[in-house]
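**Q** Residue-level listing of the chains:
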Amino acid sequence: MKKERTSSRFMATLEHMLSNDSWVSILVIVLGFLVGTLLLLVIGRNPAGMYAAMLQTLTGYDITRNVWNARYIGEWLTASIPLILCGLSMGFAARTGLFNIGAEGQYIVGLTVAQFVALYGPQVPVLHWVLALLAAGLAGMLWGGIVGFLKASYSVSEVVATIMLNYIAFFLSRWLTMLIPGTNTYRTPTFPATARLTSTLFLRLTNESRLNLGLWVALAACLFYWYMIEKTRKGFELRATGFNKEAARYAGIKVTSTITISMSIAGLFAGLAGAIVALGSFSYGRVLAGYDNYGFNGIAVALVGNSTAGGTLLSGLLFGMLASAQPLMQGRQIPKEITWIISGLVVIFISLRGGVRLFLEWRAREKARLRKETME
Amino acid sequence: MSVFLAMIPSILMIVAPILISAMGGLISERSGIVNIALEGLMGIGAFTAATVHYFLEQSTPLSIWIAILAASVAGLAVSLIHAYASISLNADQVISGTGINLLSTGGTAFLAQVIFRMERTAPFRLGMMPGFWGIYPTAWIALAVVLVTWYVLYRRPFGLHLRACGEHPHAAASCGIKVRKMRYIAVMASGFLAGMAGACLVLTQTIQYTIYTINGAGFIALAAVSFGRWLPKGVTAASMLFGLAVALAIYMVNIEAMRFLPSEFFSVMPYFITLLTLVLFSGKEYAPRAAGQPYERTGS
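Residue numbers (this note's numbering), protein chains in the order written: chain C, 1 to 376; chain P, 1001 to 1300.
Stretch-level coverage of chain P by chain C, calculated; a stretch enters the list once three of its residues show a Cβ under 8 Å from a Cβ in chain C:
(1) 1103-1113
(2) 1220-1229
(3) 1260-1269
Just so you know, the hints here were simulated from the structure itself, not pulled from any lab data.
Keep in mind it's a predicted model, so treat the numbers as computed, not measured.
Even for Gly, the Cβ is constructed at its ideal location relative to N, Cα and C.
Please take these sequences and the hints and turn them into a complete structure.
**A** Written out as structure tokens, the structure reads:
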């Protein structure tokens, strides 16, 4: 009898947790780490190494050698910035019911334009990088806006269109960047110092890490996202379109322009991410050899963050931690790919969330049946 | 002209994996399940084939064929995740596909670290050998896959049932067709073919698997399905065209008249053409009507 009561209480707690998005996200992350830890055990490595590397990334404290270095914290935040922004990109579109696989392409467009402004823009302190960020944001907006426009006006699937535009952005970026005089197969000439997002404060605080002014941009973007989605009329229209397009149209919302605006703003976030990586982490323009994958990982970031501003910020920090812990893991005999596996698993577990809904429905039916039985 | 003739075997070598994978995508989308995991499934196939071939090539002459079979089975096994999430749990088909793509990169590199203690598989000595006219057997495999797909989808009742699930699943169900079972079969077939395609790619075009081996071939296959308007002959033609573009991007340095164009010009072609055709033919409905939508049984 007692056992039965505890099990029913467990079920009730589980049910309560599963009906809350934040709890599901936490559950999914815990599951991802659990499977990752098991995998390491199976191949005979000590998972403690993975957790020590993650601790060192988060706090700068190296538990094995008992030394502290703030640079690791700086590198963690640096890796998180583009992930947060690309997560916002994916999330913003998702709130309007769109699946933005194109953050990668919008990121590349932003990165490329920022590199051009860095090399050819006016070399005035502050103004130079502000211009570069603005141009990159606009370019991202345009690249995302194209998808929104095609979706709204020609009902072209945004999934296929963004995948195509990712590759188009990638090859265009390579071609245009290689046209710059003095560029070899992998880099352009060095940027002037006025184009860099360097922050002397951060350099001092984090022991010369690559942490840069982009951090403020990312935080401001989160605020903007929250305000726009939750507090403005446009944000309401965006969400209404996401819930039910036909109902939104019936309510007098201009669905076509709403979809275009949504994709443009999604592109803005990703374009800024590209500019921050280009001007914050590198001192020269890159001829991309492959995707940087921030855009694709942004999908996971947004899914875990439930497409809210705060959630995306937190999950961006989590995935940034995984990314910047990689080199530290390798030094501890942990294959660094385990972090990619954990990210992939998290996304797959989220896709299995439909199972949670089925479970809740089943529970509700069971309860109704029990109630009926006791009534009789 | 002779330069082009000399290129035909290379073009077919590049076309074959794209075509095989695209047929998988076609089958899956015809049943109503969009499979954007083709890229990841090809990666899993390529890794499996490279590994199996590396260990068996010394001991049996059938090594290549065993590797292709193993790759296909591996692709099928992983595609079951996608099938379970999107068919049994009604999950968003794009999310589980993206998950597989992410997992494929991490999983293959992780296994390579475990088995070979490096980020790639150890190189095998000898890949697949070209047959007469210098054409690789993968071209014939691709041809067979196309013919079988066409025959099954358009000349057998089974294919009609499968396509009905992608057009109007509820109507199909009312005729006694088991929609979920059909969709499972279609996704598994696409996993099998994508795995096979990955094997064909790695065994003809390179000597080992790295995470850059597939390099977008799966996404090109996905584009070929749309550009080919979800028809076997259209998808075949699209794959040929895209394969030609990829080949030109690689081999154009040998062609005097084309040297003024950057190789990126040809690389970008498949994606650009696909986007353009999606816009141009947007008014007409070529895509299976229920593709991308979960099938929920109504009533009881």
